[in-house]
Amino acid sequence: MSYRIEYQWACWRLAPTPGRGAVPRFVVAIEGGDNNLRDAVTGKRSRSWDVCMLGSAAHVLKTAVYFAGACEGGSLKPGSRNCSPEAYIRRIRRLIEGDEAAPAQGHWYPRIRVPESHPLASYAQQLALGTSREQRYGDWFVRVELEAAQRDLVFDFADRFPDLQAWQLAEVGGLPRT
Amino acid sequence: MNHDINRPINETGRIVIHLPDDAMFYRDRSYLPVAIDMADGEQRPTLLRSGDHGINYMAQYEIFSSLCSDRAQMAVDQRLLVAGMPVTPERYLGMWRTAIADSLTPADAAREHGIQACAILRAPLAELADSKSSWTSCPFGTFERFQAKFGDLFELDEHGTFSLELDLATPGHARAAYYAASMMCSKFDRSSINWRACIEIRQVGAQRHQSGLFEIAEA
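If you're matching them up, the sequences are chains P and R in order.
Heads up: take any position in the first sequence, counting from 1, add 528, and you land on this note's numbering.
Heads up: take any position in the second sequence, counting from 1, add 47, and you land on this note's numbering.
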């Protein structure tokens with residue numbers, strides 16, 4: 529049976545501001561990949577860093593609980609080991625409630641890409657944000673461009689459209705790979 | 048799950064019924080997880096992941112998957128309370144793990160807690176006449192043979208629709224219900240309202256068993 533392995537976790541904690549709202553916001557990135565997918569050159573299991581959870585502590589925890597549902601059946605294995613859903617949720621809770629500093633290397637940035645029919649596409653137009661169309665695997669998507677000063681809008685989008693996954697709103701770069 | 052989204056669910060207990068090992072073809076033990084919710088001053092048993100078009104006995108991992116998609120997430124922002132108190136999702140899942148470890152047979156669930164699990168099957172009988180099971184493990188193979196065995200319990204209405212109720216506490220009923228429902232699922236469109244195959248959880252002798260439900264409420 530194939531399963532997802534999570535290798536590393538990184539978290540940025542962002543203090544409340546008028547733009548972000550009254551509660552701290554979090555961006556949780558996870559380095560992970562499938563157990564049965566290997567790099568053609570190195571033979572090592574393929575893996576990548578993705579933003580997997582984004583928003584308030586409650587929003588992040590709810591996403592963690594959803595992901596944790598895959599642990600019991602062995603479809604999600606942190607560190608390639610069996611893990612209970614309870615332990616997975618505790619791991620993410622420690623990440624956001626602990627006082628660890630943000631990653632020494634790397635950064636997160638908004639990268640918003642949603643299906644054309646998603647209400648965020650029309651909401652972005654209402655806000656007069658820059659948008660562009662992009663075709664991926666035959667389907668049309670809308671990319672929403674944010675200026676540096678507008679990056680906290682991703683948290684508004686996460687609150688307003690809870691159906692969106694974190695990786696539809698942000699990406700990371702420069703984090704060390706295992 | 049149907050509930051008033053503006054009011055938190057107050058879960059006061061949980062009962063997990065384990066089914067006989069031959070109830071379906073999977074190797075893992077299968078369960079019916081029942082949450083006991085307090086609503087309007089009454090304890091109400093609620094089957095997790097209920098539905099009208101199929102009988103789903105759940106493996107342990109499916110129970111956790113279902114909880115993590117629904118109730119455990121609601122615990123995060125206190126839309127789900129346990130005995131009126133907030134609970135972390137980790138602790139909440141732990142409570143279900145304990146309930147699974149303490150799971151009961153359908154007969155014990157009825158006797159000890161007044162919780163009866165019944166399979167309800169209803170469909171136009173003529174349309175099922177030539178149905179065959181897709182599963183080699185099916186104890187009857189065809190609907191005709193299923194009818195030969197359980198036809199005495201069928202109730203037929205004027206439109207030729209049969210209704211059958213199987214108490215899962217009766218030996219052989221959990222298995223029969225599962226395979227009969229699977230034949231119905233293959234035959235009918237899931238969007239149709241002309242047929243029904245589901246598990247109903249009932250409180251039997253509620254007065255007599257009410258104390259049983261309160262005994263399992265969280266302190």
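Derived from the structure by calculation, the hints contain no laboratory data.
The beta carbon of each residue, even a glycine, is placed where N, CA and C say it ideally should be.
Check the hints yourself; a few may be wrong.
To be verified - The following residues of chain P were derived to be distant from chain R, with all beta-carbon distances above 10 Å:
| id | residue |
| --- | --- |
| 1 | G634 |
| 2 | T659 |
| 3 | W668 |
| 4 | T706 |
Said to hold, decoys possible - With the C-beta cut set under 8 Å, the calculated list includes, among others, these residues of chain P facing chain R:
| id | residue |
| --- | --- |
| 5 | L604 |
| 6 | R641 |
| 7 | E644 |
| 8 | P647 |
| 9 | L692 |
Hint-by-hint comparison with the structure:
Distance check for P/G634 against chain R: the nearest CB is about 27 Å away, which clears 10 Å, and the non-interface claim stands. Distance check for P/T659 against chain R: the nearest CB is about 31 Å away, which clears 10 Å, and the non-interface claim stands. The beta carbon of P/W668 sits about 28 Å from the closest Cβ of chain R, which is more than 10 Å, so the claim that it is off the interface holds. The claim that P/T706 lies off the interface holds: its Cβ sits roughly 26 Å from the closest Cβ of chain R, which is beyond the 10 Å cut-off.
Violation of the interface hint for P/L604 is found here, the shortest Cβ-Cβ separation to chain R being roughly 11 Å, above the 8 Å cut-off. Against a cut-off of 8 Å between C-beta atoms, the interface hint on P/R641 is violated, since the closest Cβ of chain R lies about 25 Å away. Against a cut-off of 8 Å between C-beta atoms, the interface hint on P/E644 is violated, since the closest Cβ of chain R lies about 27 Å away. Given hint, P/P647 at the interface with chain R, is violated; its Cβ is 20 Å from that chain's nearest Cβ, farther than 8 Å.
A cut of 8 Å between beta carbons decides the hint on P/L692: the least distance to chain R is about 16 Å, and the hint is violated.
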